[in-house]
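*Asks:* Chain by chain, the residues:
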Amino acid sequence: MLNYVLSRLLTFVPTFLGVTLISFAFIRVLPGDPIIVMAGERGVSQERYDQLAAQFGFDRPMYVQFWDYFTGVLQGDLGNSFVTKKPVWDEFFTLFPATLELSLCAMILAIILGLPAGVIAAVNRGKFFDRALMSTALVGYSMPIFWWALLLIIVFSGNLGWTPVSGRIDLLYYFPDPTGFMLIDSLASGQKGAFWSAIRHLILPTIVLGTIPLAVIARQTRSAMLEVLGEDYVRTARAKGMSPGRINSIHALRNALIPVITVIGLSVGTLLAGAILTETIFSWPGIGKWMVDSIFRRDYPVVQGGLLLIAVMVMIVNLTVDMLYGLINPKIRKR
Amino acid sequence: MTDASSTQTASAIGEERPSRLKEFWFYFRENRGAVIGLWIFAIFAFLALFGPWIAPHDATEQFRTNALQPPFWQEGGSTEFLLGTDPLGRDMLSRLIVGARFSFFVGIVVVSVAASGGILIGLLAGFAPKWVDTIIMRIMDIILAFPSLLLALVLVAILGPSLINAMIAIAIVLQPHYVRLTRASVMSERQKDYVTSARVVGAGTLRLMFVTVLPNCLSPIIVQAALSFSTAILDAAALGFLGMGAQPPTPEWGTMLAEAREFILRAWWVVTFPGLAILVTVLAINLLGDGLRDALDPKLKRS
Numbered sequence: 001m002l003n004y005v006l007s008r009l010l011t012f013v014p015t016f017l018g019v020t021l022i023s024f025a026f027i028r029v030l031p032g033d034p035i036i037v038m039a040g041e042r043g044v045s046q047e048r049y050d051q052l053a054a055q056f057g058f059d060r061p062m063y064v065q066f067w068d069y070f071t072g073v074l075q076g077d078l079g080n081s082f083v084t085k086k087p088v089w090d091e092f093f094t095l096f097p098a099t100l101e102l103s104l105c106a107m108i109l110a111i112i113l114g115l116p117a118g119v120i121a122a123v124n125r126g127k128f129f130d131r132a133l134m135s136t137a138l139v140g141y142s143m144p145i146f147w148w149a150l151l152l153i154i155v156f157s158g159n160l161g162w163t164p165v166s167g168r169i170d171l172l173y174y175f176p177d178p179t180g181f182m183l184i185d186s187l188a189s190g191q192k193g194a195f196w197s198a199i200r201h202l203i204l205p206t207i208v209l210g211t212i213p214l215a216v217i218a219r220q221t222r223s224a225m226l227e228v229l230g231e232d233y234v235r236t237a238r239a240k241g242m243s244p245g246r247i248n249s250i251h252a253l254r255n256a257l258i259p260v261i262t263v264i265g266l267s268v269g270t271l272l273a274g275a276i277l278t279e280t281i282f283s284w285p286g287i288g289k290w291m292v293d294s295i296f297r298r299d300y301p302v303v304q305g306g307l308l309l310i311a312v313m314v315m316i317v318n319l320t321v322d323m324l325y326g327l328i329n330p331k332i333r334k335r
Numbered sequence: 001m002t003d004a005s006s007t008q009t010a011s012a013i014g015e016e017r018p019s020r021l022k023e024f025w026f027y028f029r030e031n032r033g034a035v036i037g038l039w040i041f042a043i044f045a046f047l048a049l050f051g052p053w054i055a056p057h058d059a060t061e062q063f064r065t066n067a068l069q070p071p072f073w074q075e076g077g078s079t080e081f082l083l084g085t086d087p088l089g090r091d092m093l094s095r096l097i098v099g100a101r102f103s104f105f106v107g108i109v110v111v112s113v114a115a116s117g118g119i120l121i122g123l124l125a126g127f128a129p130k131w132v133d134t135i136i137m138r139i140m141d142i143i144l145a146f147p148s149l150l151l152a153l154v155l156v157a158i159l160g161p162s163l164i165n166a167m168i169a170i171a172i173v174l175q176p177h178y179v180r181l182t183r184a185s186v187m188s189e190r191q192k193d194y195v196t197s198a199r200v201v202g203a204g205t206l207r208l209m210f211v212t213v214l215p216n217c218l219s220p221i222i223v224q225a226a227l228s229f230s231t232a233i234l235d236a237a238a239l240g241f242l243g244m245g246a247q248p249p250t251p252e253w254g255t256m257l258a259e260a261r262e263f264i265l266r267a268w269w270v271v272t273f274p275g276l277a278i279l280v281t282v283l284a285i286n287l288l289g290d291g292l293r294d295a296l297d298p299k300l301k302r303s
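Going line by line, the protein sequences match chains A and B.
The numbering of the first sequence is UniProt numbering, which starts it at 1 and goes up by one.
The numbering of the second sequence is UniProt numbering, which starts it at 1 and goes up by one.
Calculated from the structure, these hints are not laboratory results.
Treat the hints with care, as some may be off.
Per the computed footprint, the stretches of chain B lying under chain A, defined by three or more beta-carbons under 8 Å from a beta-carbon of chain A, are [stated by the list, open to error]: (1) 61-71; (2) 153-162; (3) 261-269.
Beta carbons: idealized from backbone N, C-alpha and C, even for Gly.
Working from the sequences, and respecting the hints, build out all of it.
*Replies:* This is the structure:
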């Protein structure tokens, strides 16, 4: 097991280097001179330009710049935003809880609806329930979520007036946010109605972001269950006279969960991509919206740093899933 | 390479091919969803090819006096504009019909570029020495570490927002999937006896790669092509929606949605129809992909 962990960790190193190199390269290839962009409308004199270039190190050879950037990254220094002048690292971790909260809620929604849907479909294979559930799942899987978000806004915010259209909480509530998770902070603040307001803001984004993972989990659970239900040990359990409910929940579902867990772990990238669209539409102050805004503002250090942090996060999650998988299934370790 | 062996294989393939196609069609036809998907896809392709000649109006012509007119079945609508008009008074139906060609174009170009590039690199990784293989696969890991839409977004920001650049970005992002898939099938096929015998007969590496092994790796790649066709359409629409894809006044479906956003609470039709067009198209292609997978890959037929 130790060997397996070490070998997986070793492959992490070149990938990390490559991801750093790519995010570093982007800022140098993006059109427009970063210093001119920073100076904005006022323009900049040649003298000041040279001074700034020296300050940011743009006048030095590329490999020196990369080395500086790389050593900075290892020490948690990703540079400062051109717009807010604050460190990229701090900005990322201020906004990250918002994205994490939304993604967690979306994932929970996807799991509590997707798992039972997959199991029900598998058990009723070929019958009405199966077909209805799997058709719905395919529609969800094909959904352009930015359109889905607009539809939900039309119906629930426009016509019914049930949910707000943007933000994380009503403006009339104000309280400190030690955790950054609006649900926890609003509850801890003790203000009447704050928690309810936070929930109402969370509902539509959660549904939008959870739709595709929900469809993927339902489809994956169904096919994993079907596979397991055909195994000999399930037949043995049936022959012993076990009730179908017990077989499905204890024997089948537990074994079917392994591939499902992998899918859940691997959908982190999908979630982050979805967060870009969802947060933009609902003005949700998370890292997805932050990245899109920064790309439009040509805030290069943010684009560079955010890209790197997001990629590293995806890599860490994938690595963890790989290791968990190795832990659950010894066959994988041996390869 | 002896003549005898190549003519023999040729005749063997010649005898086998019609039955293979027939078998494929037999399995494909069993799947009702896939056949429906195929029909919708055929209509979509037809609209993409002949859209401008079918559309009742010019897609960019502005009927200023008829701006934001609802669909014909609602009060205030007229049969002249069946699905209503957008904020600039352009006919929705015409824009949707003409818009089909952009999505179709995106799908075709992205899949051809990503698949041909990915297959080439994958074959190379499968046949090259171990260290080349390792380098290629590490590079693919790096690309896959970025969420696809984010990477495409940054790439388009670098290249400048346009439909062509969006397609290039999406093709780059989708390519690693083909590389992995091709390499994996090459690895398992290479060990089989028919490859060894081809090599013993004297087939060169290029012949082994493209003539002997590649045709036997194609099934999963075809399925992947169908699935990435729909991903490409979705991603291009998402980029258009974010203002980083096709630029107005192009009637691309995602761009149409972006233009309509501020009117969502006043005019439901300007938002509903373009999205519905995307959904139906993507759904049809996914149905088609599922059918292809079931028909081409007997191992998965059970599920």
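*Asks:* Take the hints in turn and mark each one as holding or not.
*Replies:* Status of each hint after checking the structure:
1. 61-71: violated (count 0)
2. 153-162: Three-residue rule met by the stretch 153-162 of chain B, so holds; n is 5.
3. 261-269: holds (count 4)
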